[in-house]
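All chains, full assembly: derive it from the sequences and hints.
Residue numbers (this note's numbering), protein chains in the order written: chain A, 16 to 155; chain B, 15 to 181; chain C, 3 to 128.
Treat the hints with caution; some may be incorrect.
Listed next, with one range per pair, are the computed distances between beta-carbon atoms [said to hold, decoys possible]:
| # | chain 1 | residue 1 | chain 2 | residue 2 | range |
| --- | --- | --- | --- | --- | --- |
| 1 | C | GLN20 | B | ARG158 | 28 to 36 Å |
| 2 | C | GLN32 | B | ALA167 | 52 to 60 Å |
| 3 | C | GLN100 | A | PRO142 | 30 to 38 Å |
| 4 | B | LEU161 | C | GLN70 | 31 to 39 Å |
| 5 | A | PRO142 | C | ARG41 | 23 to 31 Å |
| 6 | B | PRO165 | A | ARG155 | 44 to 52 Å |
| 7 | C | GLN100 | B | ALA167 | 41 to 49 Å |
| 8 | A | GLN137 | B | GLY160 | 34 to 42 Å |
| 9 | A | ASP134 | C | GLN32 | 41 to 49 Å |
| 10 | A | GLU135 | C | GLN20 | 29 to 37 Å |
| 11 | C | GLY101 | B | LEU137 | 40 to 48 Å |
| 12 | C | GLN32 | A | GLY30 | 16 to 24 Å |
Keep in mind that the hints were calculated from the coordinates and are not lab data. Note that the Cβ used here is the ideal one computed from N, Cα and C, for glycine as well.
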Amino acid sequence: MGAHETSDSMLPIAGEDDIINARQFARETARRLGFGAVDQSRIATAVSELARNVVRYAIDSHGIVVIRGLNDAERGTGVEIVVSDEGPGIANVEQALGDGFSSGRGMGMGLPGTRRLMDEMQIDSAPGRGTTVIIRKWRR
Amino acid sequence: MIAQPRPDQEPAPQQATILEEQRRTIRELQTPVIQVWQGILALPIIGSLDTARAQDMNEALLDMIVQTSSEIVILDITGVPLIDTAIAKHLLETVAAARLLGAEALIVGMSTRTALTLVHLGLDLSGVTTRTTLAKGLELAFRRLGLEVVPRARANPDAAFADAGDI
Amino acid sequence: MARVPIIEIAGLLVVTVQEELHDRDALRLQEELTDRLERTGSRGVLLDLSGVETVDSFLGRLLTEIAQGARLMGAHTVVVGIQPSVAITLVELGLELQGISTALNAARGLSRLRHLLAAEGGRGRT
Chain A
16 MGAHETSDSM LPIAGEDDII NARQFARETA RRLGFGAVDQ SRIATAVSEL
66 ARNVVRYAID SHGIVVIRGL NDAERGTGVE IVVSDEGPGI ANVEQALGDG
116 FSSGRGMGMG LPGTRRLMDE MQIDSAPGRG TTVIIRKWRR
Chain B
15 MIAQPRPDQE PAPQQATILE EQRRTIRELQ TPVIQVWQGI LALPIIGSLD
65 TARAQDMNEA LLDMIVQTSS EIVILDITGV PLIDTAIAKH LLETVAAARL
115 LGAEALIVGM STRTALTLVH LGLDLSGVTT RTTLAKGLEL AFRRLGLEVV
165 PRARANPDAA FADAGDI
Chain C
3 MARVPIIEIA GLLVVTVQEE LHDRDALRLQ EELTDRLERT GSRGVLLDLS
53 GVETVDSFLG RLLTEIAQGA RLMGAHTVVV GIQPSVAITL VELGLELQGI
103 STALNAARGL SRLRHLLAAE GGRGRT
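Shown next, in the form of structure tokens:
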């Protein structure tokens, strides 16, 4: 069925330059997993949004991106990307996910857009606990 | 005439390439994009339009726009029996994406019932140009491109292609 | 790192983005473009994005801002070269870049600008 990523690949985020690194890394992984051009773009863009949040809001702009291929009996091949940081956390996750959230951080966090591009998204975040966003996309 | 796209030119490991080729073939078979004239594409949409199909349709269409440098795309929804919010949104997305590439998408085949449904749904259709038939869409497309269909040697010059009114 | 060149052709400003832009490069481009518009009084900007593989919400909004800024300075903006994948992704993000004209390629983009300016009976070279 082709080459799958079965082990995690990690990329640290330490500053603005890593936004492009992270999304190119995600695009290349998606390509190798057999995702089409448009899905590669969706995945790269989603990772770009999440990586930028880390750079903007995390302590010292530090965070980490973990990418791995998924292989599920029912859903087939997919990709899972985890973006984690130890920033201030999101006070109200639901609000940040709502399209109508337009003040300051909400506008810049790109979470609703990221959700639309991906098949699955989970956010684990709270003030003082940092933020972990998990996104998944399945190949059609 | 269905224009054939060029094969994938990206360097890639064999399997990823084969998958993409297969995917492309399936897309082409399911969503025939027809080049009706230099610079004019037509896409007849038959049946229902779910998210997966709409995405395939967009990809095939946008690739064709680039490859044929077509400025006008005619989306024919005559064959779509039921328009709901989801389908309407997909169509609007197609129009918006085509515009980003530099092409204008017209929607034709709009029945009275469909028009009323769309109005009821309250969607913003202000940026969309529509016509009731493919023929009228084609006429508008020719006009946009600065073309005119003129009959040869006619005794009555007034019988030249009728002007369908405003744009 | 990447400094995007702004070239003047027949009174129009042409910007060709050939690689991925870091946020700071994009912001610098916005500044330099505004500056050039002020200095030259150019009435048109052509932005060629054919070298850009990913346009996320940051760049998408910045493009809209660039066009708005150009308009305030009396210039039209035409964007060309948006790749199909990028177009689909932008639309799915909910960014349709309204207020920005588009064209199929650079040549048509330039002719579109000339057309827009001629329609206005604009001053200057075009």
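Are B:PRO165 and A:ARG155 spaced within 44 to 52 Å by their CB atoms? Hint holds: Cβ distance 48 Å, inside 44 to 52 Å.
Taking the beta carbons of A:GLN137 and B:GLY160, is their distance inside 34 to 42 Å? Given a distance of about 53 Å, which is not inside 34 to 42 Å, the answer is violated.
CB-CB spacing for C:GLN32 and A:ASP134 relative to the 41 to 49 Å hint: With a Cβ separation near 34 Å, A:ASP134 and C:GLN32 fall outside 41 to 49 Å, so the hint is violated.
Evaluate the given range 23 to 31 Å for the C-beta pair formed by A:PRO142 and C:ARG41. At 47 Å between Cβs, range violated.
Hint check for B:ARG158 and C:GLN20 - Cβ pair distance inside 28 to 36 Å: Given a distance of about 31 Å, which is inside 28 to 36 Å, the answer is holds.
Do the beta carbons of C:GLN100 and A:PRO142 sit within 30 to 38 Å of each other? The hint (30 to 38 Å, Cβ to Cβ) holds, given that C:GLN100 and A:PRO142 are roughly 36 Å apart.
Can you let me know if the beta-carbon spacing of C:GLN100 and B:ALA167 is within 41 to 49 Å? 47 Å, holds
Does 40 to 48 Å hold as the CB distance between C:GLY101 and B:LEU137, or does it fail? Violated: the Cβ-Cβ distance is about 20 Å, outside 40 to 48 Å.
Between C:GLN32 and A:GLY30, is the Cβ distance one that fits in 16 to 24 Å? 21 Å, holds
CB-CB spacing for B:ALA167 and C:GLN32 relative to the 52 to 60 Å hint: 58 Å, holds
With respect to the beta-carbon atoms only, verify the hint that A:GLU135 and C:GLN20 lie 29 to 37 Å apart. This hint holds: roughly 35 Å between Cβ atoms.
Does 31 to 39 Å hold as the CB distance between B:LEU161 and C:GLN70, or does it fail? Once the Cβ atoms are compared, 35 Å apart, the range 31 to 39 Å for C:GLN70 and B:LEU161 holds.
Of the numbered hints listed earlier, those contradicted by the structure are 5, 8, 9 and 11.
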